[in-house]
Amino acid sequence: MCPSPTDVTQAVLASHADEPGALLPILHDVQDALGFIPREVVSQIADGLNLSRAEVHGVVTYYHHFRSEAPGRTVVQVCRAEACQAMGADALMAHAEHTLGCKTHGGHGSTSADGRFTLNPVYCLGLCALSPAVVVNDKLLARMTPARFDRVIGQLAEPA
Amino acid sequence: MSTVTGITVHVPRDSAAVAVGANEVAFALEAECARRGIALNLVRNGSRGMFWLEPLVEVATAEGRVAYGPVTPEDVPALLDAGMLAGSPHALCHGQTDLIPYLAKQQRLTFARVGVIDPLSIADYEAHEGYAGLRAALAMPSDAIVQQVLGSGLRGRGGAAFPTGIKWATVASAQADQKYVVCNADEGDSGTFSDRMTMEGDPFMLIEGMTIAGLAVGATRGYVYIRSEYPDAVATMIEAVRRATAAGYLGGDILGSGRAFHLDIRKAAGAYVCGEETAMLESLEGKRGIVRAKPPLPAIEGLFGQPTVINNVISFASVPVIISRGANQYREHGMGRSRGTLPMQLAGNIKHGGLVEVAFGVTLRELMVDFGGGSASGRPIKAVQVGGPLGAYVPESQWDIPMDYEAYAAVGAVLGHGGIVVHDDTADMSKLARYAMEFCAIESCGKCTPCRIGSTRGVEVIDRIMAPPSTKHNKPQQVQLLRDLCDTMVHGSLCAMGGMTPFPVLSALNHYPQDFGIAAPDREAA
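For the protein sequence lines, the chains are A and B, in the order given. Numbered according to numbering that gives the first Met the number 0, the first sequence spans residues 0 to 159. Numbered according to numbering that gives the first Met the number 0, the second sequence spans residues 0 to 525.
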């Protein structure tokens with residue numbers, strides 16, 4: 000039995016009730032629980048914090064980490080920053096786009112048509128002495144190559 | 000010490016080591032030792048910062064710790080057969096860890112414990128000089144603490160290099176009911192990981208430094224603002240704060256002194272510009288991370304409008320050793336007005352990438368050749384970006400300049416947070432210049448026009464410079480336009496995001512004109 004987004008958000012708001020400047024921690028908790036920040040909870044959060052809906056929407060859309068749409072079942076991030084570029088990140092990103100059926104543009108990612116994958120660019124994972132680096136779901140992987148990338152993706156257990 | 004049975008083996012928990020399989024190696028060791036009936040005391044330490052050797056397994060022997068790496072799970076049975084647990088030779092053995100030249104040549108003050116201790120063991124921390132600084136500080140009047148930090152010559156390690164003691168003195172003299180200490184752990188620069196290694200490998204050092212800052216300026220509350228790309232650092236810091244509070248090192252009555260300091264960990268959300276201190280304050284207050292105009296300085300009106308000390312992780316982490324060993328001992332390291340040590344980070348296309356903490360005055364060539372061993376690809380090194388995405392590309396003619404804030408500023412470069420990203424001769428500097436503008440366009444907070452609009456125009460102008468000769472664009476005109484645009488961004492931007500993006504762009508253009516299809520270097524406009 001899954002609690003509704005509204006119930007989740009209510010519990011999150013309650014757990015941060017006395018915290019000053021708590022909007023980011025609240026959004027993190029909501030996204031961690033639901034996978035993204037659904038439109039319907041934005042006004043609920045705004046009410047809870049006595050903010051306008053525009054202010055909450057502004058924060059959700061300002062930060063790259065927060066998502067307004069449900070992501071694919073597997074979220075892949077490929078680092079595009081300079082240290083990884085020096086070790087072939089551009090080619091790795093092109094390979095990932097091809098393998099996953101996703102397109103990235105600048106700072107924006109996308110989800111494959113079948114909903115299996117979301118591919119996002121990321122700007123530095125702090126693994127710069129072991130470039131290039133990627134994240135598959137929550138797992139950090141460094142010294143990545145296109146061949147190893149395919150193995151990692153191939154080993155993912157697809158939920159039935 | 001508690002009773003330890005079995006042979007002590009260290010396998011790092013540092014996220015970079017984990018990203019190349021340290022957890023799998025730890026599981027394999029445990030399983031194989033259990034199968035052989037060997038008692039194992041497995042310690043998950045931080046990283047020693049020799050990343051080409053990760054996962055680095057260290058075995059405690061009577062002669063000291065012996066290093067093996069890089070180890071894969073498949074290597075484990077053969078290593079055990081060869082007598083790894085007695086420190087015996089093997090193809091992957093590097094002898095005693097402390098004697099490996101890469102480490103032996105360093106002057107580790109801040110990183111003395113990282114990779115050595117169990118990061119979350121307060122007992123281990125105390126056994127290695129931990130909390131000596133705080134105990135000394137509790138016995139000092141607060142202005143004496145500020146004087147020690149001033150006297151050490153410590154300057155902000157986040158990149159701006161502002162004297163830490165002056166910042167603290169300003170907050171100490173401000174009158175307010177509530178003051179704050181905020182740690183900027185939004186380490187977004189590509190090629191940097193010293194903050195991450197500190198938080199994952201020696202979190203109590205950061206907590207101790209911030210607590211001392213609180214005592215010095217009269218602040219009872221602190222925040223650590225950690226980037227969301229560092230989930231392991233966030234988790235380690237949260238647990239370290241919990242343990243420090245339980246042990247009486249944080250909370251309402253620090254070590255029975257009657258003094259209070261409460262610390263909260265806040266997770267950022269993936270905006271590079273939140274590494275700018277005022278944008279970070281906005282973010283901590285629950286808003287979009289938009290840069291504030293200065294003045295007022297955060298030291299006067301910072302978090303929630305109150306006087307606030309803001310320092311980088313490494314700045315705070317340098318404080319305990321300054322207080323415990325004295326300012327003079329710290330200042331003895333370094334050169335000119337750059338005192339102490341800087342943890343440099345060798346990254347990108349480098350054979351021996353990792354963390355090198357040395358005194359100011361080392362040269363880039365020494366770092367890249369003597370420590371780094373040249374490029375990873377084996378090809379000639381072409382360009383080096385020092386100081387993150389807003390730092391200049393440093394050409395070979397400048398590799399022998401001593402690394403010192405002033406010496407670098409004199410050639411239009413910056414040391415920043417100590418990140419060194421190496422590119423070999425396959426790098427196209429026009430592409431890297433374009434990327435610098437593109438990154439600024441993606442990450443600009445949007446408050447000021449030179450940064451918000453200038454960065455996008457910058458991408459377009461570089462595209463026109465690089466357009467095929469058949470197109471109608473006049474290349475010299477476009478180059479001049481790029482220089483004018485950079486001039487506007489440098490002088491008209493509100494913060495370093497727009498104000499320093501021209502550094503990599505112009506240094507690429509000036510030092511590598513051939514990559515832009517320009518024959519003669521035009522050195523005037525930089």
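One should not assume that every hint holds.
[What the hints assert, rightly or not] Below, simulated DSSO-like cross-link-like pairs (lysine-lysine); rule was C-alpha separation at most 27 Å, straight line:
hint : chain 1 : residue 1 : chain 2 : residue 2
1    : B       : 350       : A       : 138
2    : A       : 102       : B       : 430
3    : B       : 286       : B       : 446
4    : B       : 430       : B       : 471
5    : B       : 471       : B       : 350
6    : A       : 138       : A       : 102
[Said to hold, decoys possible] Label-pair restraints from in silico Cβ distances:
hint : chain 1 : residue 1 : chain 2 : residue 2 : range
7    : A       : 97        : B       : 327       : 40 to 48 Å
8    : B       : 61        : A       : 107       : 50 to 58 Å
9    : A       : 153       : B       : 395       : 41 to 49 Å
10   : A       : 107       : B       : 99        : 37 to 45 Å
11   : A       : 51        : B       : 237       : 52 to 60 Å
12   : A       : 14        : B       : 88        : 50 to 58 Å
13   : B       : 256       : A       : 68        : 49 to 57 Å
14   : B       : 518       : A       : 104       : 42 to 50 Å
15   : A       : 156       : B       : 82        : 47 to 55 Å
I should point out that these hints are in silico values taken from the structure, not numbers from a laboratory. Just so it is clear, the structure is predicted and the values come from calculations on it, not from any experiment. For glycine and all other residues, C-beta sits at the position ideal for the given N, C-alpha and C.
Item to complete: Hint by hint, work out which the structure violates, then give me just those numbers in ascending order.
Response: 5, 7, 11, 14 and 15
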